[in-house]
Amino acid sequence: AQTVTQSQPEMSVQEAETVTLSCTYDTSESDYYLFWYKQPPSRQMILVIRQEAYKQQNATENRFSVNFQKAAKSFSLKISDSQLGDAAMYFCAYRSAWGNQFYFGTGTSLTVIP
Amino acid sequence: ETGVTQTPRHLVMGMTNKKSLKCEQHLGHNAMYWYKQSAKKPLELMFVYNFKEQTENNSVPSRFSPECPNSSHLFLHLHTLQPEDSALYLCASSQERDRGGEKLFFGSGTQLSVL
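These protein sequence lines are chains S and E, in that order.
First residue of the first sequence? That's 1 in the numbering used here, and the numbers climb one at a time after it.
First residue of the second sequence? That's 1 in the numbering used here, and the numbers climb one at a time after it.
So here's chain E without its partners, still in its complex pose (with noise of 0.2 Å):
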């Protein structure tokens, strides 16, 4: 079993549809991360959950949605999206420490389309 579990690894929806990306740490970690990740364009941090609580919300548009229950779980609700949402999602996990520099560990991702 990997350390950071995705899922589902591929999602086709509408844009009037709602669906969930789930990702599940196995590491003990106590932060978690959404990343969107589109071609030829850095990766885009979307949010960020230290011990559960939401640290960091760049911007990103309200038809996302993000819930951490625990520090193992992590979730991205999706509703009416726009086919520019079209991306491959990344969920992270770290150990963070008073210092950073820790390194990531990621997810397979889930390749969304939105028609």
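Looking at chain S on its own, in the form it has when it is part of the complex (with noise of 0.2 Å):
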């Protein structure tokens, strides 16, 4: 089965500040799917972005971005500009092409400072 591993449990940043957390995850498949979704206090997982394996462009979202390199498999997110609404847990998450199976790391819990 594949793994997903965020090695940092705590992170923290200060408002306007960027920020970046890691992810790594291990796997013997060529064509996948990475995500990152953010949890807030009020529970529901939301997606922040979206990487497909095959596309070598890194995916952004507004002050969202990553940094994917498919060799070290290794997709970190980077927050730039930071708001206090993006203090929440974010979870790094991979998927096959084929079939329904998620994998999540355990979470990073990420503070933003005023």
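It is worth saying that the hints were derived from the structure and are not from the lab.
List time: in silico BS3-like cross-link candidates among lysine-lysine, alpha-carbon distance up to 30 Å:
#1 Lys40(E) x Lys18(E)
#2 Lys40(E) x Lys78(S)
#3 Lys73(S) x Lys40(E)
#4 Lys103(E) x Lys41(E)
#5 Lys22(E) x Lys40(E)
#6 Lys70(S) x Lys36(E)
#7 Lys36(E) x Lys19(E)
#8 Lys19(E) x Lys52(E)
#9 Lys78(S) x Lys103(E)
#10 Lys36(E) x Lys18(E)
#11 Lys103(E) x Lys36(E)
#12 Lys78(S) x Lys36(E)
#13 Lys103(E) x Lys40(E)
#14 Lys22(E) x Lys36(E)
#15 Lys70(S) x Lys55(S)
#16 Lys70(S) x Lys41(E)
#17 Lys40(E) x Lys70(S)
#18 Lys70(S) x Lys103(E)
#19 Lys73(S) x Lys55(S)
#20 Lys55(S) x Lys103(E)
#21 Lys73(S) x Lys103(E)
#22 Lys52(E) x Lys22(E)
#23 Lys19(E) x Lys41(E)
#24 Lys52(E) x Lys103(E)
#25 Lys41(E) x Lys18(E)
#26 Lys52(E) x Lys36(E)
#27 Lys52(E) x Lys18(E)
#28 Lys73(S) x Lys36(E)
#29 Lys41(E) x Lys78(S)
#30 Lys22(E) x Lys103(E)
#31 Lys55(S) x Lys78(S)
#32 Lys41(E) x Lys22(E)
#33 Lys41(E) x Lys52(E)
#34 Lys73(S) x Lys41(E)
So these bits of chain S aren't anywhere near chain E, every CB distance computed over 10 Å:
#35 Glu15
#36 Thr60
#37 Lys70
Have a look at the derived ranges for each label pair, beta carbon to beta carbon:
#38 Ser12(S) x Glu67(E): 41 to 51 Å
#39 Gln82(E) x Pro114(S): 41 to 51 Å
#40 Glu10(S) x Gln82(E): 21 to 31 Å
Because the structure is a prediction, the values reported are computed rather than measured.
All residues carry an ideal CB built from backbone N, CA and C; glycine is no exception.
Hints are included, so try docking the two chains, each in its own frame, into the full complex.
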């Protein structure tokens, strides 16, 4: 089975600064998708960004961008101009191109300091 | 109205009780999921339904019983649970196509406490 590792249980960032959350994964597949989900105190997981493994270009969504290194099996999330509303748990997830199985990391708790 | 709605939001039950969790999705999706979220652990997939048919059952104890009467509704029936079953139970849905990669849409979860 694939595994997803988030080595930073907690991170903090000053408001308006930039922070990078790390994620590594293990797979023998070549065709897959990677995701970052945000879980605020309301508990509802919300998709932040999605990356297709066959695309070399890194995905971006406004202040959120990823650094996808396929050979290194690394998928980090960069949050620019951090806002108080960015405070949440962030989960990295892997999904094969085939099948319904998602594999999630253990999450990183992000605190934004005013 | 949110895309995926879960009820109840909180549930406290004794080990001999029987209760059910409910999930409803308003997105027209064809797949629904139950996940268990425990502190400091990855989300655990419990059950998957594609087109109302169960396709995954990740060795979940029989005290958890899923039901999917149609593509919009999903239930998780609980009976004789153990204290270690206390967790956040998340429902999700997706629109599956021939080739995967679709994202999940989650509900807000049911926080379950077993006494």
